Amino acid sequence: MAGLPNTLISNILNATTPTGTSGAPGSFTAFAGSAMKVRLNSTSSTASANGTQITGTGYTAGGTAVPASSTASSSGSNVTLPATSALSWTNGSGGSWSIQSFDLTDSAAARSWFGDFNGAPISIANGNTFTIAVAGISIGLA
Amino acid sequence: MSDDEQTPEPIGWIVTDPDGNVVDSGGVSIAQADGKLAGLIAEAAANEEGEQE
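Those protein sequences? They're chains A and B, same order as listed. The opening residue of the first sequence carries number 1 in the numbering used here; numbering runs sequentially from there. The opening residue of the second sequence carries number 1 in the numbering used here; numbering runs sequentially from there.
Accuracy of the hints is not assured; some may be wrong.
DEER-style ranges, computed between Cβ atoms [to be verified]: (1) A:Thr16 with B:Val22: 56 to 62 Å; (2) A:Ala32 with B:Val22: 33 to 39 Å; (3) B:Val22 with A:Ser22: 37 to 43 Å; (4) B:Gly20 with A:Ala108: 33 to 39 Å.
From the structure, some residues in chain A lie toward chain B, with a derived Cβ separation under 10 Å [as the list claims (entries may be wrong)]: (5) Gly62; (6) Ile122; (7) Asn128.
These aren't lab readings, by the way, just hints derived from the structure by calculation. All of these numbers come straight from a predicted model, not from anything done at the bench. Note that the Cβ used here is the ideal one computed from N, Cα and C, for glycine as well.
Can you build the whole structure from these sequences, using the hints too?
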């Protein structure tokens, strides 16, 4: 399961339909202006809630900021991330991590997209490193 | 390239051990509006086509 959280669905719908004053488009609630983050979960995220975030040494709650700007979508193309360099986490928790899904959030933890990892669940033994390759996540509307 | 050869799936993620050896890997992970919003967009597009005819 992958897609958009209900909050963003409503945000998009309200900003593109006559839900504003006197039939004008409603306003779009903007995301925070700093680098977005990728958050790792041990369970699947859903449209209504985040997955359960992994814990332990090697992972900072809230996720890790993307390293650079992604190439903007044009003509409906997908946006991929991370750009330029990979994102990595080395498990120092003392046990295994089981990684099921990700959430893309703004810097203030507001969710924009979510999805299961291809091949999930992914087991990361203590001492091993999980790396999302450049363009390892692809996000699209069609 | 022969007909039997296939383009490998792009790597989306890898797991490495402390020596840097790859112990697991997977393809690109996709987040797509394949549910409610995609349906609404398709419906809006269909309505627009109908109005133009």
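- Given the range 33 to 39 Å, decide if the beta-carbon distance of A:Ala32 to B:Val22 lies inside it. Holds, at about 35 Å.
- Query: Within 56 to 62 Å or not, the Cβ separation of A:Thr16 and B:Val22?
  - Reply: violated (44 Å)
- B:Gly20 versus A:Ala108 beta-carbon gap, inside 33 to 39 Å or not: holds (35 Å)
- Query: Given A:Ile122 as an interface hint, is the shortest Cβ-Cβ distance to chain B below 10 Å?
  - Reply: Given a least distance of 7 Å, the restraint on A:Ile122 holds.
- Query: Are A:Gly62 and chain B close enough, Cβ to Cβ, to be under 10 Å, as the hint says?
  - Reply: At 18 Å from the nearest chain B Cβ, A:Gly62 fails the 10 Å test, so the hint is violated.
- Is the hint on A:Asn128 kept, meaning its closest Cβ partner in chain B is under 10 Å away? holds (5 Å)
- Just tell me: holds or violated, for the beta carbon distance of B:Val22 and A:Ser22 against 37 to 43 Å? Check failed, 59 Å falls outside 37 to 43 Å.
Comparing the model with each numbered hint stated earlier shows that hints 1, 3 and 5 do not hold.
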